[in-house]
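Given these sequences and hints, build the entire structure.
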Amino acid sequence: MKRKKRLRKWLPFYLMALPCVVYLFINNYMPMAGLQIAFRDYKASDGIWNSRFIGLKNFEYLFTSKEAWIMTRNTIGYNLFWIVLNVVLGIAVALFLNEVRKKSSKKFYQTVILLPYLISMVVVSYLAYAFLSEQTGLINGVLRAFGKEGIAWYQKAGYWPVILTIVYEWKNIGFNTIIFLASLVGIGKEYYEAADLDGASKWKQITRITIPMLLPTIIMVVTLGMGNIFRSDFGLFYQVPKNQGLLNEATSTIDTFVFRALMQTGDIGMSSAAAFYQSVICFITILVFNGIMRRASRENAMF
Amino acid sequence: MKRMKRRKKNRFLVLSHVVLIFLSICLAAPFLLLIISSFTEESMAVKYGYSFFPKGWSLDAYRYIMGNLPLFGKAYLITILVTVTGVIAGLLIASLMAYTLSRKGLPGGRLLMYYVIFTMLFNGGLVATYINYVQVFHIKNTYLALLAPNLLCNAFSIVMLKNYFQFSIPGDLGEAAQIDGASELGIFFKVVLPLSKPILATVALIVGLAYWNDWQNGLYYLDDTAMHGIQNVLNDMNSNAKYLMQFAGGRGASIPTTTVRMAIAVVGILPVLVVYPFFQEYFAKGITAGAVKG
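Protein sequence lines correspond, in order, to chains V and P.
For the first sequence, position 64 matches number 64 in the numbering used here, and the numbering has no gaps at all.
For the second sequence, position 260 matches number 260 in the numbering used here, and the numbering has no gaps at all.
Hints in this document: simulated from the structure, not taken from any laboratory.
There could be a bad hint or two in this list.
Taking lysine-lysine and the DSS-like style, the derived pairs with C-alpha atoms no more than 27 Å apart in a straight line are [claimed, not checked]:
{"no.": "1", "chain 1": "P", "residue 1": "Lys104", "chain 2": "V", "residue 2": "Lys9"}
{"no.": "2", "chain 1": "V", "residue 1": "Lys103", "chain 2": "P", "residue 2": "Lys197"}
{"no.": "3", "chain 1": "V", "residue 1": "Lys202", "chain 2": "V", "residue 2": "Lys189"}
{"no.": "4", "chain 1": "V", "residue 1": "Lys107", "chain 2": "V", "residue 2": "Lys202"}
{"no.": "5", "chain 1": "P", "residue 1": "Lys285", "chain 2": "V", "residue 2": "Lys102"}
{"no.": "6", "chain 1": "V", "residue 1": "Lys107", "chain 2": "V", "residue 2": "Lys189"}
{"no.": "7", "chain 1": "V", "residue 1": "Lys5", "chain 2": "P", "residue 2": "Lys104"}
{"no.": "8", "chain 1": "V", "residue 1": "Lys242", "chain 2": "P", "residue 2": "Lys74"}
{"no.": "9", "chain 1": "V", "residue 1": "Lys43", "chain 2": "P", "residue 2": "Lys140"}
{"no.": "10", "chain 1": "P", "residue 1": "Lys140", "chain 2": "V", "residue 2": "Lys242"}
{"no.": "11", "chain 1": "V", "residue 1": "Lys204", "chain 2": "V", "residue 2": "Lys106"}
{"no.": "12", "chain 1": "P", "residue 1": "Lys285", "chain 2": "V", "residue 2": "Lys189"}
{"no.": "13", "chain 1": "P", "residue 1": "Lys190", "chain 2": "V", "residue 2": "Lys9"}
{"no.": "14", "chain 1": "V", "residue 1": "Lys148", "chain 2": "V", "residue 2": "Lys242"}
{"no.": "15", "chain 1": "V", "residue 1": "Lys2", "chain 2": "P", "residue 2": "Lys104"}
{"no.": "16", "chain 1": "P", "residue 1": "Lys104", "chain 2": "P", "residue 2": "Lys190"}
{"no.": "17", "chain 1": "V", "residue 1": "Lys156", "chain 2": "P", "residue 2": "Lys47"}
{"no.": "18", "chain 1": "V", "residue 1": "Lys103", "chain 2": "V", "residue 2": "Lys189"}
{"no.": "19", "chain 1": "P", "residue 1": "Lys190", "chain 2": "V", "residue 2": "Lys5"}
Being a predicted model, the structure only gives us computed values, none of them experimental.
In structure tokens form, the structure reads like this:
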């Protein structure tokens, strides 16, 4: 009787949750189970569960290829470098923005700074192309105007670490600024007033008050970044270099490798092995860094 | 002494403005170049390249787009419809789940929460997702492919909504309605949702932006370019240099391809450029909330 009453009370809630439960099952949990095709010789006709089991063969192929090293190095390398840049640039711009008192100017700057974050990577690739196109790009136009030769940007891998870094920061600087600005606003004025009375310079106030107060946010941004160190923004590495094979040395990441192996060369063995490798390592890094974050500050941990 | 201090303070304020103005120019310049390029005369763009100060202006690129309205209009319509459908359906599914999660004493509530959170920690990746949707659910080359994979509803928006329902809406409001004989679903739609407009707007903007900007689902699941939305049309032009030629109707040489590319990109970001400044705070709030607190 009591159970029946309980059920009557909660049943509507379970039904309300049902569509989402089903969607997450289809979109997230079924693919998790599907990861095991990395251990099979996948044939569409045999399906996910009946393709021949071949153990670690796919991983053998993957890790004996030169690509495995390049994509892992690139994925981790860019992430490490960009985490540092995100913190440094984010704090710097947030500090300047926090100085602006006039509401309308502050809003204007904030609007412009965040704008690139809202644009799709396809459009970003068009913006980059307007600068970098060999024949019609702005940069080569300027070079030629000064009597120099144009540069074939899309054929020389050497330039791309710089180009990708500029594009990435151009797109993400607003995001990082806003995160740091949110915690800057929370720092009490009294610290600065006291420092002013003591005659502390602006620089000293920044290094002695602001940075220490931002430490929890810095730790959060770094650990979130580290947790995702084996992931890359597929759009950035695929669209912006226009999928040019010549640039692979500098632009191939795990995500572009998985995509190319799956969609372009049709090598499901290789791509599923790389995807498995990424999923599992990501899971581990996220757990590890969330654990660290929880140590550092409980309230900032994700779960 | 005091005056000196104030002057010093002013100096930092001036420096801030200088840096921020310079930064704003750098960040906005690519957009400006894109827009100017789309209004550049084709022959000048070909000869001198894209420039902030073109030697000739023209509307030819936009005339070409208008002349091929069936193609570009359809792509635009697809993007709009997918975005609207996705936002409504996604918001509904996520907020229903979030409302359930926000109820105190729900048997199995913790388990349900883990079910949601776990999707943030572990995912099957592209290959398994692709095979799942193509082999099991057969969504290849259907419009469902633009709606379903990954974008519809995610743990971040569920948690954001749940926190709002839990902490920003007085619980006794629901109880009062219950005494009046309203059903749970009725309370949700008539009491809870109307009180949650700020968070619904934030989540709707984030989800809507994700749909508007998406090209990956179209790239993975739609081989038929006639089904492509505006972002995928842009992608098609990137990957196929002759893409525009097929709509020329036999006058291939006269298509102003150099500037049309840019014009289509302008059309693609126009809604974002127009809508965004008005909802800037919602965007900023949603983006940081999603990042800071899962």
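Given pair status - V:Lys189, V:Lys107, alpha carbons within 27 Å: Within the cut-off at roughly 21 Å; holds.
V:Lys156 and P:Lys47 were given as a pair; does the straight-line alpha-carbon distance stay at or below 27 Å? Within the cut-off at roughly 23 Å; holds.
Hint consistency between P:Lys285 and V:Lys189 [alpha-carbon to alpha-carbon, up to 27 Å]: holds (23 Å)
Mind checking the alpha carbons of P:Lys104 and V:Lys9 for me, to see if they're no more than 27 Å apart? Given that 27 Å is the threshold and the Cα spacing comes to 12 Å, the pair holds.
Would you check the hint for V:Lys107 and V:Lys202, treating anything up to 27 Å between C-alpha atoms as holding? holds (24 Å)
Hinted pair, alpha-carbon criterion (27 Å max): V:Lys242, P:Lys74. Please report holds or violated. With Cα atoms ~25 Å apart, V:Lys242 and P:Lys74 stay inside 27 Å; holds.
Compare the distance between the alpha carbons of V:Lys204 and V:Lys106 with 27 Å, and conclude whether the hinted pair is satisfied. Answer holds: V:Lys204 to V:Lys106 is near 24 Å, not above 27 Å.
If you draw a straight line from the CA of P:Lys285 to the CA of V:Lys102, is it 27 Å or shorter? holds (20 Å)
Is the Cα-Cα distance between V:Lys5 and P:Lys104 27 Å or less? Roughly 17 Å between the alpha carbons, so the hint for V:Lys5 and P:Lys104 holds.
For the pair we were handed, V:Lys2 and P:Lys104, check the Cα-Cα distance against 27 Å. holds (19 Å)
Can the restraint linking P:Lys140 and V:Lys242 be considered satisfied, given a maximum Cα separation of 27 Å? Distance ~24 Å between P:Lys140 and V:Lys242 Cα, so the pair holds.
Satisfaction of hint between P:Lys197 and V:Lys103, Cα-Cα up to 27 Å: holds (25 Å)
Checked against the numbered hints given earlier, this structure breaks none of them.
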